[in-house]
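**Q** Just so you know, the sequences run in chain order A and B. Using the working numbering, read the first sequence as starting at 1 and increasing by one per residue. Using the working numbering, read the second sequence as starting at 1 and increasing by one per residue.
Read the hints as simulated data drawn from the structure, not as lab findings. As the structure is a computational prediction, the values presented were derived from the model and not from experiment. If a hint is listed, it holds; no wrong ones were tucked in.
Copies of the same chain look alike in the list, so a pair counts if it fits in one copy or across any two.
Calculated pairs, SDA-like style, for lysine to any residue (alpha carbon to alpha carbon, straight line, at most 25 angstroms):
{"id": "1", "residue 1": "K131", "residue 2": "E5"}
{"id": "2", "residue 1": "K57", "residue 2": "K131"}
{"id": "3", "residue 1": "K41", "residue 2": "V26"}
{"id": "4", "residue 1": "K2", "residue 2": "D214"}
{"id": "5", "residue 1": "K2", "residue 2": "K131"}
{"id": "6", "residue 1": "K225", "residue 2": "S14"}
{"id": "7", "residue 1": "K225", "residue 2": "S13"}
{"id": "8", "residue 1": "K237", "residue 2": "P295"}
{"id": "9", "residue 1": "K41", "residue 2": "S141"}
{"id": "10", "residue 1": "K204", "residue 2": "D112"}
{"id": "11", "residue 1": "K237", "residue 2": "L253"}
{"id": "12", "residue 1": "K22", "residue 2": "S149"}
{"id": "13", "residue 1": "K22", "residue 2": "R201"}
{"id": "14", "residue 1": "K104", "residue 2": "I15"}
{"id": "15", "residue 1": "K204", "residue 2": "D40"}
{"id": "16", "residue 1": "K204", "residue 2": "I281"}
{"id": "17", "residue 1": "K41", "residue 2": "R201"}
{"id": "18", "residue 1": "K97", "residue 2": "E52"}
{"id": "19", "residue 1": "K2", "residue 2": "I218"}
{"id": "20", "residue 1": "K57", "residue 2": "L126"}
{"id": "21", "residue 1": "K97", "residue 2": "V54"}
{"id": "22", "residue 1": "K225", "residue 2": "G289"}
{"id": "23", "residue 1": "K131", "residue 2": "W60"}
{"id": "24", "residue 1": "K225", "residue 2": "T4"}
{"id": "25", "residue 1": "K225", "residue 2": "S19"}
{"id": "26", "residue 1": "K22", "residue 2": "R143"}
{"id": "27", "residue 1": "K57", "residue 2": "P181"}
{"id": "28", "residue 1": "K131", "residue 2": "G96"}
Spelled out from the first residue to the last, the chains are:
2 protein chains.
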Amino acid sequence: MKFTEEQVISEISSIFSPSNQKNPQVLVGIGDDAAVVATDKHSVITTDMAIEDVHFKCEWSTANQIGSKITVANLADIYAMGADPQYLVVALTLTGKEEMQWIKDLAQGIADTAAASDSAVVGGDLSRGEKIMISITAVGSSRLHITRSGARPGDSIYLSALPGWSRAGFEILSRNLSDSPAHARALSQFRSPELSPTIMRSFKSAHALCDISDSLMIQAEQISKASGVNLTIDSSKIESAEGFADLAAVAHLIGCDVWDLISGGGEDHVLLATGVNLPGICIGEVRAGSGVEFPEIKKAPESWRHFN
Amino acid sequence: MKFTEEQVISEISSIFSPSNQKNPQVLVGIGDDAAVVATDKHSVITTDMAIEDVHFKCEWSTANQIGSKITVANLADIYAMGADPQYLVVALTLTGKEEMQWIKDLAQGIADTAAASDSAVVGGDLSRGEKIMISITAVGSSRLHITRSGARPGDSIYLSALPGWSRAGFEILSRNLSDSPAHARALSQFRSPELSPTIMRSFKSAHALCDISDSLMIQAEQISKASGVNLTIDSSKIESAEGFADLAAVAHLIGCDVWDLISGGGEDHVLLATGVNLPGICIGEVRAGSGVEFPEIKKAPESWRHFN
Chain A
1 MKFTEEQVIS
11 EISSIFSPSN
21 QKNPQVLVGI
31 GDDAAVVATD
41 KHSVITTDMA
51 IEDVHFKCEW
61 STANQIGSKI
71 TVANLADIYA
81 MGADPQYLVV
91 ALTLTGKEEM
101 QWIKDLAQGI
111 ADTAAASDSA
121 VVGGDLSRGE
131 KIMISITAVG
141 SSRLHITRSG
151 ARPGDSIYLS
161 ALPGWSRAGF
171 EILSRNLSDS
181 PAHARALSQF
191 RSPELSPTIM
201 RSFKSAHALC
211 DISDSLMIQA
221 EQISKASGVN
231 LTIDSSKIES
241 AEGFADLAAV
251 AHLIGCDVWD
261 LISGGGEDHV
271 LLATGVNLPG
281 ICIGEVRAGS
291 GVEFPEIKKA
301 PESWRHFN
Chain B
1 MKFTEEQVIS
11 EISSIFSPSN
21 QKNPQVLVGI
31 GDDAAVVATD
41 KHSVITTDMA
51 IEDVHFKCEW
61 STANQIGSKI
71 TVANLADIYA
81 MGADPQYLVV
91 ALTLTGKEEM
101 QWIKDLAQGI
111 ADTAAASDSA
121 VVGGDLSRGE
131 KIMISITAVG
141 SSRLHITRSG
151 ARPGDSIYLS
161 ALPGWSRAGF
171 EILSRNLSDS
181 PAHARALSQF
191 RSPELSPTIM
201 RSFKSAHALC
211 DISDSLMIQA
221 EQISKASGVN
231 LTIDSSKIES
241 AEGFADLAAV
251 AHLIGCDVWD
261 LISGGGEDHV
271 LLATGVNLPG
281 ICIGEVRAGS
291 GVEFPEIKKA
301 PESWRHFN
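Pulled out of the complex, with its shape left as it was, chain A reads as follows:
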């Protein structure tokens, strides 16, 4: 490294510590053996990691985007339980070839994304390895919790936003397609998926809830199986969702099937819910039975494995 481990820790701590000091729920923040924080009766815990050249490429994304994306992945899992994120810890491996500014940008991406969901980074661990690796654990507060098993016949099915954009962005980058204004939303969503705390929090009255980071199709099947119900998705409802026409245009431009992007893509960190009168996009209904019916999709294509 062009600097010592102590210098990196000092720079990173100075980015994360202010939110610790401002937050009366953080009793002991960064700097001791562990953080001490105020918790509720029930907490939600999840962990999600990102590895260079597996989950992200430094040529494709800025440090800030990489930090934001892995933070969003963790926060979305907390929201996907009907909970509110509170605390994050970050285990970070650097190769030693990074510029200090790159490291600071990564930390800032994590810190800003955490702050936008009212959560704070309260600890971490730094190491050196051959690839950059970021492993985040998020802890949230749960008064209630919503699993995949609560769907009931008669429920409607909802998405918090239209998925498929992140996968479109991945295709554009991995096929090295030329930059174009039409690609902007897809690239942006791949590099740094948008998290919408407001709509995610408003899914707290859902009966069944999950994040569709592995794709709409896979996770609809999980709800179907866990709840013992049939999920029938109405593609005409998806067609009328905000952004569908734009996504279809991008799909056409890059030679993808828009339904493959929507049903088989992942990493948009959109919530899938069943319930009554939820916000977001209503895409179908829950029926007695089993399995997922999605007329546009005969079978989730084998080749559509998400980017990890």
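With chain A held as given, fit chain B onto it using these hints.
**A** Below, chain B alone, put in the same frame as chain A:
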């Protein structure tokens, strides 16, 4: 891999899930977006990772030992705050070259070590990378918490056990010294440091407390600085501790200074405390002033950087 990601997740889950199902505090265990667990008013959170060829070598340690060691590192940080560990999440990167039995042994090492401290693995994330990487986050319950800043003049200084064994084991392995019965304890302590929940829990009346994973000298200096006091260590008290003569014999055999091992080694995951009438080894006293006095050590040798 010789098997699919789903098979690995299934095998690992079957090792971790029984403790989830037995534990009434685990409301939602492995398998949903996140775990939901019962927590106290205050929780303690820490994260610690281990990377192949940086923190461990597969030629030197079994999978079970590697799993146990990184778990101990996390649990010790929870005890070092005067708290009780409860929940762990594990982010694991595999290269794809491992045998399934190796992976199961790794998981079993983590599960057994967690169980010995009454804690359970409630979630995780699996990925593929060029090196094996294990990142664990531990969450514990804290009715009180003990930082590094509580030492007062008049306190005695205590260790929960004699440190130096792990460093001796590292020296034996890294210099490729021949196997010998005299090396057994050092090798065992390096490969899989012993955690003593009973004595660690009995340090809850300490005034200042920390884990000495970075070495006795470094962490005594941290207590001294954080508390604004002087720590005077009496080496004759350490000499009368259980195992000192054996460690000195090993040090002689491998050509190390026993005081370098004790003061500059690390990763034994021993607690350092100040207070009154604590168990363990009393090694000195806290005085008004600053700095650490340790007559046997003129200066912590630059070369003694711990193994990470």
